[in-house]
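Undergrad: Residue-level listing of the chains:
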Amino acid sequence: VSAVPRRDSPLEPADPVALLDACRRGDRGAIEAVLRPLLPALERVLSRLVRDPADVEDLIQTTIAAAIGAFPRFRGESTVKTWLCRIATYQVREHWRSPSRRRRAVLELVEDDRSGPHPAGLAVAGRADAQAEARRRLERLYHHLASIGANKRIAFVLHVIDGRPMEEVAAIMDASVPATKSRVLYARRALMAKAKRDPLLADLAEGGS
Amino acid sequence: VTSLGCILGRGDHAARCPRCRAAAAQDARVRALADAAPPPAISTRARDAAFARAFADPAIAPARRMTWLVPAGVALAAAVAVAVLVVAMRGGGGTTATAPASRPIAAGATTAVGHGKVALSADGVGWQTGPTEVYLLTGRLEVEVDPAPRAPFRVRTNDFVVDVLGTVFAVGADGVEVTRGAVRVSRPDGEVIVERLGPGERWDVHVQTAVAPEPVEEPDEIVMDPEPAGSPRDLEKEIAGGKAKLLEGDIERARRVATAVLAAKPRRAVRADAEQLLADCDMNDGNDDRAVERYRALADRYPDRGQYALGAAIRIEHRRKRVAAVRELYRVYLERYPDGVLADKARAELRKK
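These protein sequence lines map, in sequence, to chains A and B. According to this note's numbering, the stretch in the first sequence is residues 1 to 209, in order. According to this note's numbering, the stretch in the second sequence is residues 1 to 353, in order.
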């Protein structure tokens, strides 16, 4: 832990053991000093899993709140970052189960095709088009992913989309590496079966069995 | 076909195995697509605000945003990560103890709260937010409470609130079930969802209506389980281990793991995993009748796993050349999942004479 505690914490910044002990005792200054630097990593995990920024914001809050309450049970068997990401995946599972979430429709602002060429030139417009197309395809991909079981989906997103090594994903999910591999395998198989039938994503499934 | 080598990936398997090479190519294409459209970032200010809210009072619910709901006016239903079990015990005078505004409840232990006692599961996170009020963020809570009508006991979650009006009831992730006495279920903003839920009735969070299930025999005495509920995290790990055992071919060990996990009365998702593992064990063991029975039960109980379960049952019956059973399963599949992975195949099979 390299975080520097706030001034109201009596801890020396160079004493990570004492810092973690203080976190376990519920010292909020210490907890904040440990968790705040991990916010970008937490946001990255959450935004890969849920994408909607508003949901990410809510999940940051619930994850941090859960971490504050759970710190007394942090045994130090993994890094704080891995432990926090694990809590985040629990929160995401619950979020996916939420009936209110399932009822919600996300409305996005889309550019008007009739607005004419981009003033900065065709190259910029072409880039924007390509990005819009990629976004559309990725939304379809996440739509298909949504029908896959939570554990398989999380393993797949963290390993394939976020590019994390299988061992790291296994540590985050508190599972064995073979179990994590099988989750990714099953998720990939289910996803590619759907992609094959989807004209927007059929190319992703090329070469598969 | 799942290869054990693909899972274990020893040596240069990944380089030699055509399936693994194809999978790696597919992964690369998916990753490239994801990189081309990175997720929208939230502002640093919004991130810091969420962080601060968690610190200001961990027991507060996420600030509600203006959100489009479909259909408009649909109530914000429970989105809770909790299974609360509240058990009332003998009557008696209430207390007027003053509790701190927000005090963490120790996980894996029993804590006195007002005129009651709460036992938070080892994986749970909760706070006492009033003299007789508990907020549960996640996990499972068992409560013994004196019914004391002048001091109602309240269990609050992010999305619904349960007030003890009578004696014995249970609140789970899927709703509230009353064993004895009565409860009131409300939204966090105070709007009453169910004024009085009586014995034998339950409220389902997904359908938002109260229903009366089959009558159950009430126990003579309610005894709080001295052991906190098993940690879902540990049980998930056990199930993952059981699946790995099955992949390794150790069917008996996998079956024992699944049975042990079920005995621990886990939450729904873990229970579904365990039941699925038992069915997978039977299928791998050649116990086809039992496997089909289990898969069909799995599909009925857990619609989110129905496609897998019905697909597995279809494969078994297809292998056994039981045409009528296959058609019946396809018919069920099509009814439930008209856009499912097997829907086209089901239609084609059902068109055959």
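Calculated from the structure, these hints are not laboratory results. Keep in mind it's a predicted model, so treat the numbers as computed, not measured. In this text, a Cβ means the ideal position worked out from N, Cα and C, and glycines have one as well. A hint or two may mislead.
Taking beta-carbon pairs under 7 Å as the criterion, some of the chain B residues facing chain A (in silico) [unchecked claim]:
1) 22
2) 30
3) 40
4) 50
5) 54
6) 243
7) 341
In silico DSSO-like pairs for lysine-lysine, Cα to Cα no more than 30 Å straight-line [what the hints assert, rightly or not]:
8) A:196 to B:265
9) B:237 to A:81
10) B:265 to B:237
11) A:196 to B:117
12) B:321 to B:352
13) A:81 to B:352
14) B:237 to A:194
15) A:194 to B:117
16) B:345 to B:321
17) A:194 to B:265
18) A:194 to B:321
19) B:117 to B:265
Part of the chain A face toward chain B, derived, beta carbon under 7 Å [to be verified]:
20) 51
21) 79
22) 160
23) 175
Undergrad: Okay, which hints does this one fail, numbers in order?
TA: Violated: hints 8, 11, 13, 15, 17, 21.
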